[in-house]
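**Student:** Generate coordinates for the entire structure from the input sequences, incorporating the hints supplied.
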Amino acid sequence: KEIHNRPNIVLIVADDLGWKDVGFMGSNYYQTPNLDRLAGEGMVFNQAYASAANCAPSRACLMTGRYTTAHGIYTVGSSERGDSKSRRIIPAKNRKVLDEEFYTLAEALSDAGYTTCSIGKWHLGEDPRTQGMDYNIGGSIWGHPKSYFAPYMQPDLQAPEGEYLTDRLTEEAREFIRKNKGDPFFFYLPYYAVHTPIQAKEALENKYLERGGQGCQSNAAYAGMVDNLDRCIGLLLNEIEELGLEQKTLIIFTSDNGGIRNISCQDPLRAGKGSYYEGGIRVPLVFCWPGKIKPQSHSEEAVINIDFYPTLMDITGGFEAESELDGVSLWPLLSGNTRFLPDRSLYFHFPIYLQAYKAGYDGGRDPLFRTRPGSVIREGNWKLHYYYEDGITELY
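Using the working numbering, read the sequence shown as starting at 279 and increasing by one per residue.
Rather than coming from a laboratory, the hints here were simulated on the basis of the structure. Heads up, a few of these hints could be off.
[Unchecked claim] Below 30 angstroms or equal to it, Euclidean Cα-Cα: the simulated BS3-like pairs (lysine-lysine) are:
| hint | residue 1 | residue 2 |
| --- | --- | --- |
| 1 | Lys661 | Lys374 |
| 2 | Lys636 | Lys374 |
| 3 | Lys457 | Lys570 |
| 4 | Lys371 | Lys661 |
| 5 | Lys363 | Lys636 |
[As the list claims (entries may be wrong)] Derived CB-CB ranges, DEER-like:
| hint | residue 1 | residue 2 | range |
| --- | --- | --- | --- |
| 6 | Ala481 | Thr616 | 45 to 51 angstroms |
| 7 | Thr616 | Asn659 | 17 to 23 angstroms |
| 8 | Thr347 | Pro610 | 22 to 28 angstroms |
| 9 | Gln525 | Met431 | 35 to 41 angstroms |
| 10 | Tyr664 | Ser356 | 21 to 27 angstroms |
| 11 | Tyr665 | Asp461 | 46 to 52 angstroms |
| 12 | Phe618 | Asp434 | 23 to 29 angstroms |
| 13 | Phe618 | Tyr674 | 19 to 25 angstroms |
| 14 | Pro429 | Gly491 | 41 to 47 angstroms |
| 15 | Glu439 | Gly460 | 33 to 39 angstroms |
| 16 | Glu520 | Ser623 | 40 to 46 angstroms |
| 17 | Ile368 | Trp420 | 27 to 33 angstroms |
| 18 | Ser613 | Pro645 | 45 to 51 angstroms |
| 19 | Pro311 | Pro610 | 38 to 44 angstroms |
Model, not experiment: these values are computed from the prediction. Where a beta carbon is used, it is the ideal one built from N, C-alpha and C, also for glycine.
**Tutor:** If you want it as structure tokens, here you go:
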């Protein structure tokens, strides 16, 4: 393909940030003015999904443009979760590392002439540089920090004691953009925040203690983490603007899966991270590209993070994976050429178990597991759940 557009691409992925954990999606508790500004300058997808309800499989889907059945990463670590006496079938085997046979989004953009960089959580292997990234800062097989306050567990993140991890990753991000402002870059910024451990700066936690909660969104430490994440993204947006790159840069913001229900509920969506009810897989999603995407626009189309790969190939003229990608390009929606995508179904396959976070509060089918082995299809306004242990179906 001939490259017809070469925007810089900034892909920001928060970790475990729920669908309703930002102001532009309706929260009155969390204060996210910078993300709200980004949303107002671009297109918000109200029915956006992660391809999986927990970290590693969702990221593998994003990077490959394929469903979980293609790469075999279904969860983090072992698939034999929970009490074995409560499991009725043998869970499928789980892959912990993304196979290098896949032609990743990073590799496709690198071949299209982009400088590629990952700063933050990788979680698909020891080093993203083996799968298309030119630079890696802070990324490895680890899925969460031991502490958000330095010293960090990552050997390449040397910082003064007490420094905050989200701040460090943001400064590294700003430095990368300054150094590479002259050439097109693909910058993947998968923050560790707001994954556990729930640790906020004291001043921000106190701010939300004073504000008081809003129903089941009332965790002041978590709110402080969301607030700080928003402030850091604001610094990044300001850097792009000050360097004169605003019109040349496509920014995508999303989360890797739903939020943890007992930390921040997503009502009226059911359940949370680890569940294939809506609260576990529905996520905030914004695309912003000044001059190319109409500001203050919204879409009710059901979209999914495997759509990012073909979308970016459509925009940049890059080469897609040799095998057919499972997603579709969202560029016709983003460019305003259409309001609707062709009819299609979205699929979620999770043939294993995830034990409960908080028995009786996770919103699942039973108190022992957030989800048991099953599959889900979203088609139009219908959603079908099928469970392999008992053959039960649920249609919504």
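**Student:** Now, for every hint given, state plainly whether the structure supports it.
**Tutor:** Going through the hints against the structure:
1. Our distance criterion of 30 angstroms between C-alpha atoms is met by Lys661 and Lys374, whose separation comes to about 29 angstroms.
2. For the given pair, Lys636 sits about 25 angstroms from Lys374 by alpha-carbon distance, which is consistent with the 30 angstroms threshold.
3. A distance of roughly 25 angstroms separates the Cα atoms of Lys457 and Lys570; the hinted pair therefore holds under the 30 angstroms criterion.
4. Proposed proximity of Lys371 and Lys661 is supported: the alpha carbons are some 26 angstroms apart, at most 30 angstroms.
5. Distance hint between Lys363 and Lys636 is fulfilled; the C-alpha atoms sit about 19 angstroms from each other, no more than 30 angstroms.
6. Distance hint check for Ala481 and Thr616: the Cβ-Cβ separation is about 46 angstroms, which falls inside the suggested range of 45 to 51 angstroms.
7. Remark: the range hint 17 to 23 angstroms for Thr616 to Asn659 is upheld by a beta-carbon distance near 19 angstroms.
8. Judged by the Cβ atoms, the range 22 to 28 angstroms given for Thr347 and Pro610 holds: they are separated by roughly 27 angstroms.
9. Remark: the range hint 35 to 41 angstroms for Gln525 to Met431 is upheld by a beta-carbon distance near 39 angstroms.
10. Checking the proposed 21 to 27 angstroms range against Tyr664 and Ser356 shows it holds: the Cβ atoms sit about 24 angstroms from each other.
11. A hinted range of 46 to 52 angstroms holds for the C-beta pair Tyr665 and Asp461, which are about 50 angstroms apart.
12. One distance hint, 23 to 29 angstroms for the beta-carbon pair Phe618 and Asp434, is violated here, with the actual separation near 45 angstroms.
13. Between Phe618 and Tyr674 the CB atoms are about 22 angstroms apart, so this pair conforms to the stated range of 19 to 25 angstroms.
14. Look at Pro429 against Gly491: about 33 angstroms separates their beta carbons, and that is not inside 41 to 47 angstroms.
15. In this structure the hint that Glu439 and Gly460 lie 33 to 39 angstroms apart at CB holds, the actual value being about 36 angstroms.
16. A hinted range of 40 to 46 angstroms for the beta carbons of Glu520 and Ser623 is consistent with their spacing of about 44 angstroms.
17. For Ile368 paired with Trp420, a C-beta distance near 28 angstroms keeps the hint of 27 to 33 angstroms intact.
18. The hinted window of 45 to 51 angstroms between Ser613 and Pro645 holds, with their beta carbons roughly 47 angstroms apart.
19. For Pro311 and Pro610, the hinted distance range of 38 to 44 angstroms is not satisfied, since their beta carbons lie about 31 angstroms from each other.
Hint compliance for this structure: hints 12, 14 and 19 are not met, and every other hint is.
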